[in-house]
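S.K.: Each chain, letter by letter, is given below.
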Amino acid sequence: MSALNHAPPHWTRLVLGADPIRRAIYIVGMMPAASTFHLALTDALGADPQKTLERTLGLWALRFLIIGLAISPLRQIGGPNLTRWRRTVGLLAFYYAVMHLSVYMMLDQGLAWSVIWADIVKRPFITVGMLAFTLLVPLAVTSNTTMIKRLGGVAWNKLHRLVYAAAALAVLHFVMLVKSWTFELALYCALIAGLLLFRLIMSLRKPQRASRRQPA
Amino acid sequence: MVKRFPSGIAPSEITPRAVYLRRRDFVAGALSAGLIGTMAPLMPANATPLQFSKSAFSTTEPPTPRKDVTTYNNFYEFGTDKGDPAAYAHTLTTKPWTVKVGGLVGKPGDYDVDDLIRNTALEERIYRMRCVEGWSMVIPWVGVPLADILKRLEPQGSAKYVAFETLVRPAEMPGQRGLFQPLPWPYVEGLRLDEAMHPLTILAVGLYGEILPNQNGAPIRLVVPWKYGFKSIKSIVRISLTEREPPTSWSKQNPREYGFYSNVNPQVDHPRWSQATERRIGESGLFVKRRPTLMFNGYADEVASLYAGMDLKANY
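Note that the protein sequences, when read in sequence, are chains A and B.
Per my numbering, the first sequence runs over residues 10 to 225.
Per my numbering, the second sequence runs over residues 210 to 525.
Extracted from the complex, chain B is given alone in its bound form (with noise of 0.2 Å):
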């Protein structure tokens, strides 16, 4: 079984349920006084503001800078450098955008983007995040729920994992041009259907409130808390239900470095480097002290279940 609430949380910290229900009036009334208007000189030029609700799932772990978040990339489709994606991203066209639908789902077909996720709440989630090469982020996503959006497809019975891939398009990719390119296109991706269905899982559309940038994955791409970051794949357009295990970009690159699961664990090496420990970035600059990693990058308590009895040495 899946706790709903981390046990981190206090529950005066909770919003009543009778507020909770309440949360659009409380958005339509700031609206009208003017409160969320005020806050657009803020926010960068270009940035549409989003509405949404808080979740229990946030962590209360102060968020990485903006600033941060959106420049420290590994989107490898826009370069190696962790600054590549920020200085080429911006002309990637993410308006249309068709994400296909196929497989096992009983309602396959090419959707846009806009109505894949209408008719779903929004919500903010701040999930801390840690990247495969051992540095961390705390990040406030706004999303849906990937399991609504699968029900509303209709995954067969026979459906046991699903796929994702991102965008190839050279012309606007430039990491998909020229000599060295460091992995074979599509980046695609994967979860067991119990992974994609739990709560934790979104498909992101929005970062600090706005619209997602596109270095950060527009227009829409998964986040998946739990496990090292490029299982979190960006810029989708094709999400498959299939009965067999889904190839992934990384552990078909090096099988040995990189498996299916990928959870963050403390206790299983990458066979280069330790992944006992992480540093947070944007936390107290060039003299950052590493922190310990924690299971399941803290997510232990609602997730641990989907594991119970798999040796997770051995299916990394």
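Isolated chain A, as found in the complex (with noise of 0.2 Å):
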């Protein structure tokens, strides 16, 4: 038994961590991906693969974004609280992100960068698409134990209120790019909304009940 402690741990515990649930919340999380790849590389992903592998990276990134913003209004309204494994699916969302922005440049694009440049100027759908990736790095970089501890809790969690800036802004970057409204299209935006105001919500009944506990 001695032998088996000082072995060093298997790359996968290096990779995914100790926790069994995040390491599942990874591979489930990650199998829309492995799929959307292998149809791609199969020719099996329709006329247009590189845009339904564009589409289909992205809209998994906003859906990932949509369950972390979840996990905090479900524990309030006395659901299970899953805040374990947030940053596990904040990181899936920003892994997506970077598969998206991935196609867009190197396969849709060719890494032709001045045509990049000149499309985030250019163009607004694509400026709010950066904008929300770029605001989705820092979270990324600090969403490890150290960087908690490093920055402390109440700066950390000052700074991942970004992800509603980002979410918001993922979902306006979806809106600005379609030729008009689908009822999937409304239900993204109607979830990022509500997921906004509930918070919204919260924090202006927070004080009201602090004023209450004031001394008269």
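Please note: incorrect hints may appear among the correct ones.
Said to hold, decoys possible - Taking lysine-lysine pairs in the PhoX-like style, the calculated list, with each CA pair at most 25 Å apart, reads: (1) B:K309 - B:K369; (2) B:K369 - A:K188; (3) B:K304 - B:K316; (4) B:K360 - B:K263; (5) B:K498 - B:K276; (6) A:K131 - B:K498; (7) A:K188 - B:K461; (8) B:K522 - A:K131; (9) B:K276 - B:K263; (10) B:K498 - A:K188; (11) B:K461 - B:K369; (12) B:K522 - B:K461; (13) B:K369 - B:K522; (14) B:K369 - B:K316; (15) B:K316 - B:K360.
Unchecked claim - The following residues of chain A were derived to be distant from chain B, with all beta-carbon distances above 12 Å: (16) Y35; (17) P82; (18) F207.
Since the hints were derived computationally from the structure, they do not count as laboratory data.
We put the beta carbon where it would ideally sit given N, CA and C, even for glycine.
Join these two chains into a complex; the hints should help.
M.R.: In structure tokens, the structure reads:
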């Protein structure tokens, strides 16, 4: 038994961490990416595989942002407390955003930096998308226990409120690129608006409660 | 003046007139030799082969695979996803099909679609198709010049535009039902009369040598190859000649982004994206490279004169 304790940790433990639930979230969360890349490479993504791949990855980034944003409200309305795995979900959203952006830059634009830069400056929907991605970068970089300790809980929480803006910009990026509204798009907008509004209402209610507690 | 032959076509590629005039003998010969018959197993079930002649207006670029042309469609009457038309359009009833002809014509009336194109020889036209979204295809249409049909309907001297309308039939068109309908129905489109009379403009009834599949706009659709795809209205039920510019669906929906003309123009960007390049569907799959978009979708030699002196930035 003691020999086992001294053995170097398996690589999966280094990459995915020790928590089996977190590992499961990573593995399940990466399945849509694995599936869509597999379909893309086997020419099974339809007539316009590049666009489908780009859209699918972007959509999953948005979905994981929504799941991440739903975790606190779920706890506050009396549901299970999943806060422990919120960072994992947030990182999944970031990884999908990285893949989405990479497909756009490498496959769609063929790393033509001048065209990409012109797109970012000239095309509002790309400006908004890039802004959303940029906001996610500091969150992803600080999504580890070392950084939480270094920043301190209060500052870390404050920094990570950037995710509200990132989510709003991400769904705006989606709204701005479609030709007309669809049920799917309306649903994503409603979910993000609802989750952000919930936080606004909660934050407006808190000071009232505090003032009631003040001595007369 | 319209040049009859595009500059890209070598005289050697053009069928000699003597051979062209005997084209029906050739088709009959091929039929009796069983050549056309042996092709049948290669065609999908229910496909009806059409008889047609080739056209000098066809491009020599390789056509986009049939599978892509028939499964990647914008036909919002069946849903906004590009797979929706192929999934839902098969239930559309296209027989009988009446086209109402009205407005400033000498011969208005309700025409059965077969009567409308009867006595007009079918031609294959292999055209580039550029979607406003930034992708393109090469499509072998089979159809008739719109000019031939219009002439027979006898446009009046005051007629300056042609207006078209698509079928409204929510029972068979799921995109016309429910809460989120992307456009007001019917879908309407229009052309200036000289654009409509241009020899490149056709009414298509076939694709890849067969009857037009429903998802591609059966039984009869417009094809205007130098304009963005949405101008080429599908499943037409009404054709009217008018004196005033008719309303068109996308420019009603968003006049800032879509104009009446909607000519393919790499120099005039869509307000939200560049129109300078396009992805050719079915070309090297995932690793497809963008190609430059050509003025008037490569038909400038034939159609630029229609817009002489016009500010194409203002008349987008």
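S.K.: Take the hints in turn and mark each one as holding or not.
M.R.: Taking the hints in turn, this is what the structure says about them:
1. A C-alpha spacing of about 18 Å is found between K309 (chain B) and K369 (chain B), which places the hinted pair at or below 25 Å, so the restraint holds.
2. Pair hint K369 (chain B) plus K188 (chain A) does not hold up; C-alpha atoms about 30 Å apart against a cutoff of 25 Å.
3. Proposed proximity of K304 (chain B) and K316 (chain B) is supported: the alpha carbons are some 23 Å apart, at most 25 Å.
4. At most 25 Å may separate the alpha-carbon atoms for a hinted pair to count; K360 (chain B) and K263 (chain B) meet this at roughly 22 Å.
5. Between K498 (chain B) and K276 (chain B) the alpha-carbon distance is near 20 Å, which keeps this suggested pair within the 25 Å criterion.
6. At roughly 21 Å between alpha-carbon atoms, K131 (chain A) and K498 (chain B) fall within 25 Å of each other, so this suggested pair holds.
7. At most 25 Å may separate the alpha-carbon atoms for a hinted pair to count; K188 (chain A) and K461 (chain B) meet this at roughly 13 Å.
8. For the hint pairing K522 (chain B) with K131 (chain A), the CA-to-CA distance comes to about 18 Å; that is within 25 Å, so the pair holds.
9. Our distance criterion of 25 Å between C-alpha atoms is met by K276 (chain B) and K263 (chain B), whose separation comes to about 22 Å.
10. For the hint pairing K498 (chain B) with K188 (chain A), the CA-to-CA distance comes to about 23 Å; that is within 25 Å, so the pair holds.
11. Note on K461 (chain B) and K369 (chain B): the hinted pairing holds, with a Cα-Cα distance of about 20 Å set against a maximum of 25 Å.
12. A C-alpha spacing of about 18 Å is found between K522 (chain B) and K461 (chain B), which places the hinted pair at or below 25 Å, so the restraint holds.
13. With a CA separation close to 22 Å, the supplied pair K369 (chain B) and K522 (chain B) stays within the 25 Å bound.
14. Of the supplied pair hints, the one linking K369 (chain B) and K316 (chain B) holds, its CA atoms being roughly 16 Å apart against a limit of 25 Å.
15. Between K316 (chain B) and K360 (chain B), the direct Cα distance comes to roughly 10 Å. Compliance with the 25 Å bound is thereby established for this hinted pair.
16. A cut-off of 12 Å between C-beta atoms confirms that Y35 (chain A) is not in contact with chain B; the least separation is 25 Å.
17. With a minimum CB-CB distance of about 26 Å to chain B, P82 (chain A) clears the 12 Å threshold, and the non-interface call stands.
18. Non-interface status of F207 (chain A) relative to chain B is upheld: no Cβ of that chain comes within 12 Å, the nearest being about 24 Å off.
Hint compliance for this structure: hint 2 alone is broken.
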